[in-house]
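Chains as they are written, first to last, in our numbering: chain A, 1 to 501; chain B, 1 to 499; chain C, 1 to 98.
If you are wondering where the hints come from, they were derived from the structure by calculation, not from laboratory data. Fair warning: this is a prediction, and the values are worked out from it, not measured in the lab. Take the hints with a grain of salt, since some may be wrong.
Each computed PhoX-like pair below joins lysine-lysine, with the alpha-carbon atoms no more than 25 Å apart [as the list claims (entries may be wrong)]:
1. B/LYS344 <-> A/LYS143
2. B/LYS394 <-> C/LYS43
3. A/LYS479 <-> A/LYS461
4. C/LYS43 <-> B/LYS266
5. B/LYS344 <-> C/LYS90
6. B/LYS94 <-> C/LYS90
One letter stands for each residue in the lines below.
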Amino acid sequence: MAKDQLMDYQEALDAYEVVIGLEVHVELNTNTKMFCGCANVFGDEPNTNVCPNCLGFPGAMPAVNGKAIENSIKIGLALDCEIAATGRFARKNYFYPDLAKNFQTSQYDEPIAFEGTIDIEVPSGKVFTVAIERAHMEEDAGKLTHVGGSTGRIQGAEFSLVDFNRAGVPLVEIVTKPIYGAGDEAPELAAAYVRSIREIVKNLGVSDARMERGNVRCDANVSIRPKGQEKLGTRTETKNVNSLRSIERAVKYEIQRQAHLLSQGTAIIQETRHWHEDRGATSSGRPKSDADDYRYFPEPDLVPIQPSKEWIEQLRATLPEKPAIRRKRLQDLWGFSDLEFRDVVNSDLLDEIDDTVKAGAKPQAARKWWTGELARIANSEDKDIAELSITPLQVAQIAALVESGKLTDRLAREVLTGVLAGEGNPEEIVAKRGLEVVSDDGALLAAIDKVLYEQPDVLEKIREGKLQAAGAVIGAVMKAMAGSADAARVRELVIQRANEL
Amino acid sequence: MSVLNKSAHELASMLVSKEISSVELTKAQLENIDRLNPKLNSYLTVTHELALTQARQVDELRAKGEKLSALAGVPIAVKDNLTTIGIATTAGSKILKGWIPPYNATVVEKILSHRMPILGKTNLDEFAMGSSTENSAYGPSLNPWDLARTPGGSGGGSSSAVASMQAPLALGSDTGGSIRFPAAVTGTVGVKPTYGAVSRYGLIALGSSLDQVGPVTRNVLDAAMLHDVIAGHDQMDATSLSESLGSMTEAAKNDSVKGLKIGIIKELTGEGFQAGVSERFQEALELLVAAGAEIVEVSCPSFQYAIAAYYLIQPAEASSNLARFDSVRFGLRVMPEGAATVEKVMAATREAGFGAEVKRRIILGTYALSSGYYDAYYGSAQKVRTLIQADLAKAFEKADVLVSPTAPTTAFLLGEKQEDPLAMYLNDIATIPANLAGIPGMSLPVGLASEDNLPVGAQFLAPARQDARLYKVGAVLEKLLENKWSKSMLEFAPELKVN
Amino acid sequence: MSEITPELVRHLAGLARIEVSEAEVAQFASQLALIVESVATVKAAVSDDIVATSHPIPMANVFREDVVRPSLTQEQALSGAADSESGRFKVSAILDED
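Working from the sequences, and respecting the hints, build out all of it.
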């Protein structure tokens with residue numbers, strides 16, 4: 001496959017205007033699927049959470065999950081959308097082996113929510129108002145595994161296997177209107193937008209919102225047009241962007257790729273493209289042949305949804321704070337500087353730190369642990385912080401132990417490693433490993449005395465006021481205590497003792 | 001009179017009084033099936049073992065003194081587009097040859113819970129598309145009145161079985177007349193309930209906004225009793241009515257039509273209807289008038305668009321409903337030559353598995369829904385429904401029930417309408433409006449046409465949810481006719497010679 | 001009104017994933033043309049202000065509780081499958097080539 005040529009980013013932005021559009025699919029965390037009572041659960045044996053409906057058996061019929069409707073309305077309200085007086089399901093007809101009925105039950109011209117808006121702040125601090133076109137309900141397809149090819153991808157596969165456990169899982173698709181004027185911040189805006197959607201659905205409690213699990217999926221539409229041109233350029237849709245970082249990179253890549261092509265006089269093909277994280281590039285996907293004629297028509301097996309005004313207001317009352325407001329409140333509460341807070345948000349650690357503080361830790365300590373040591377560990381293991389086996393409560397417990405002087409920073413890091421390794425809770429690990437700071441002065445004095453007796457010249461120096469000399473003693477004592485001593489206390493005692501002896 | 005000719009309600013009494021056991025009854029029934037079915041091809045699958053086991057269970061329970069439902073122990077046939085656990089369900093198609101569903105249709109669950117032994121699955125036009133069973137991949141069923149003729153369709157299997165005493169009653173489905181038309185041409189009773197009155201869960205869908213399951217019987221009371229067994233809200237069917245529509249059995253005990261206003265639909269009389277059909281139809285009306293009913297004339301001008309609307313809506317919905325038959329999860333899989341992609345396998349499978357009429361309608365339906373044509377075709381057709389409902393609403397202001405001959409002609413000859421699909425579609429001219437509007441309809445036999453001595457049916461229509469009205473007037477008319485004839489309709493049937 | 005050409009029939013058959021022979025294409029084209037002609041009357045019959053009826057009996061808000069119901073077993077799910085492997089439905093390769 002030939003490598004795309006890319007125009008220099010700044011050059012591209014000088015010549016072209018960027019327009020982006022984002023489609024985010026949110027997987028709801030309801031107990032059951034959208035149109036049947038099968039369990040909505042990840043990881044079970046294949047084809048064990050299936051029934052005639054989600055398997056598309058002859059004679060089967062859908063039955064709408066009321067909770068999914070509720071969750072969809074909440075998402076719409078959180079995005080300041082209008083909730084439809086009449087929402088209707090529609091069939092989107094196309095053939096694919098992972099689509100049990102060979103149509104997807106979705107929504108077409110009567111979505112549950114439409115015309116919303118959300119303010120998104122990008123790293124530079126600028127705020128964009130993104131217009132939401134609609135949010136509608138649909139069902140997920142099954143999972144295809146391609147066998148026989150070299151990379152487990154479609155190309156070159158000998159056959160495919162289908163698991164319908166995921167088929168029918170409720171999805172809410174949120175579509176923005178075209179976003180103009182993002183300029184060179186388009187990639188960051190795209191990522192920040194998805195981050196905010198994640199935050200919203202997570203705080204609503206309607207989705208686990210884990211991108212690495214596919215709970216939140218993003219398709220990025222990108223088009224560019226020469227500066228000053230009225231007509232919109234041809235857009236491409238990039239799928240398979242599984243992380244915020246990928247979104248940013250993919251949008252940037254498409255801008256550069258399209259800019260190069262246009263500058264050469266080559267037309268952009270309207271197509272679906274795939275993002276490859278390993279290569280840092282997009283590639284041409286399935287050609288869009290007849291897939292465009294979905295022959296939508298109202299789903300005859302389902303009746304319209306007409307949420308009452310009372311119900312909508314009831315749901316509106318349960319909405320948590322908007323992300324922007326929540327962030328401001330937390331930043332004020334914690335007293336973080338803009339830089340510190342932005343770092344927290346950009347690292348996607350807002351919820352973790354919030355939970356840690358709620359569990360009793362001081363905000364700065366929480367921040368230090370999450371953005372410092374834990375981030376470092378996650379990075380080194382090439383993991384997402386969310387995948388680390390530690391809870392905010394445990395982090396708070398460690399912070400408390402340090403606060404009370406029971407642990408030094410160094411010891412605390414050891415405890416942390418223990419928790420991540422699955423050895424148990426912080427208190428348990430401290431006890432098991434005997435890591436508690438020796439606060440018994442007696443033991444310390446014994447160790448100090450020993451060193452001072454062995455080094456009378458150092459003792460002299462300290463007595464003369466040359467306190468730097470204490471350093472060597474402290475070091476020796478710390479070594480002797482296998483690190484379980486508090487350095488500051490040792491220093492105090494060394495100086496005190498030196499003057500006593 | 002042998003037990004085979006008795007009505008289901010008579011058999012039910014005999015079972016209660018222990019004059020006969022369910023096993024004896026079922027056995028006799030199975031013997032008759034074995035004798036007649038090879039010729040009539042009413043059944044695609046006969047479930048000898050299962051039926052007898054179920055019959056035995058009922059007899060045991062009855063012996064113990066268990067309280068059983070009214071039709072318990074009376075055997076029944078089931079149209080082969082209703083799913084049945086452990087019993088092949090083909091929808092009359094090659095693409096589902098030998099498919100054993102892992103779940104029961106709700107109506108099947110109901111007849112099982114009422115302990116009605118299942119005799120087998122009856123023949124139908126493939127996927128219920130047709131009016132004669134000639135589109136069945138397993139051969140047509142024959143009309144017991146004249147073996148050179150079809151028993152109507154799509155539910156010709158159920159009707160021919162009931163008309164030839166191969167079952168006391170049967171379940172059918174009706175999308176544009178598939179219960180009522182066969183009833184008319186076989187001298188039996190067929191009812192399409194109000195849309196949503198009976199669950200569609202487990203009915204292999206044809207036109208989802210049109211389909212209903214209903215009873216196929218020899219008389220009105222049997223139909224009422226079976227209707228009561230199968231009707232009711234089903235949480236598995238989101239379009240099923242939440243409220244009960246009352247007891248049809250009670251309605252069928254009605255003995256008076258005094259003051260009943262019967263509306264003759266202008267657009268469904270006169271020209272285009274076989275003379276003998278119109279004759280018998282008029283006589284039936286005269287009987288009702290003599291008994292105190294009042295005739296009024298009503299007009300439903302939008303009926304002229306009914307067939308056109310129907311043949312856009314039904315194929316459109318069917319094209320989507322039948323997309324699931326793709327070789328992946330069940331049913332036929334045909335491997336084309338050479339290395340094939342799954343798309344090619346799908347296409348080859350559907351080519352081999354679907355008959356010509358099914359393909360024709362899928363293509364037509366795909367066209368009706370495709371971008372650029374939706375508004376002109378499917379969209380417009382759905383608007384015609386609104387017009388038809390409006391016309392019917394107006395008509396029902398003037399009349400309690402509406403009436404017409406069920407079909408323009410009596411049973412036609414095998415092969416007679418195969419050349420021209422349009423000709424076949426015109427059979428449904430009187431029955432289609434009820435499906436488009438969602439209202440209930442009943443066909444009951446009103447005599448034999450003088451030209452050919454073949455059965456004629458009259459169709460009654462009632463407003464949505466007023467299914468009971470059909471049973472009220474049907475019961476009275478049936479009595480009046482039987483009094484006039486001094487026998488029941490099927491007693492006019494010629495003896496069946498099958499060897 | 002659109003003409004039902006063999007090309008259109010082939011296109012529609014493609015959309016519907018049905019292989020059709022050339023003989024069938026020709027036959028369907030002429031039969032469909034007849035049908036389409038007759039159903040074209042429908043468009044003339046309705047004006048813009050008429051609302052479409054997609055559900056004959058008006059109903060709304062039919063929901064079910066978000067409570068798990070028994071599923072089929074894997075065996076039942078695969079019972080009708082032409083081919084399966086390791087608990088999954090098996091199908092031929094999806095694309096013709098890369």
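Status of each hint after checking the structure:
Taking the CA atoms of B/LYS344 and A/LYS143, the gap is near 21 Å; set against the 25 Å cutoff, the hint holds. Annotation: proposed proximity of B/LYS394 to C/LYS43 holds, straight-line Cα distance about 23 Å (limit 25 Å). Proximity of A/LYS479 to A/LYS461 is assessed by CA-CA distance (about 21 Å); at most 25 Å being required, the pair is judged to hold. Using a Cα cut-off of 25 Å, the hinted pair C/LYS43 and B/LYS266 holds, with the two alpha carbons roughly 23 Å apart.
Using a Cα cut-off of 25 Å, the hinted pair B/LYS344 and C/LYS90 holds, with the two alpha carbons roughly 15 Å apart. Straight-line distance between C-alpha atoms of B/LYS94 and C/LYS90 comes to about 21 Å, which keeps the hinted pair within the 25 Å bound.
Checked against the numbered hints given earlier, the structure satisfies every one of them.
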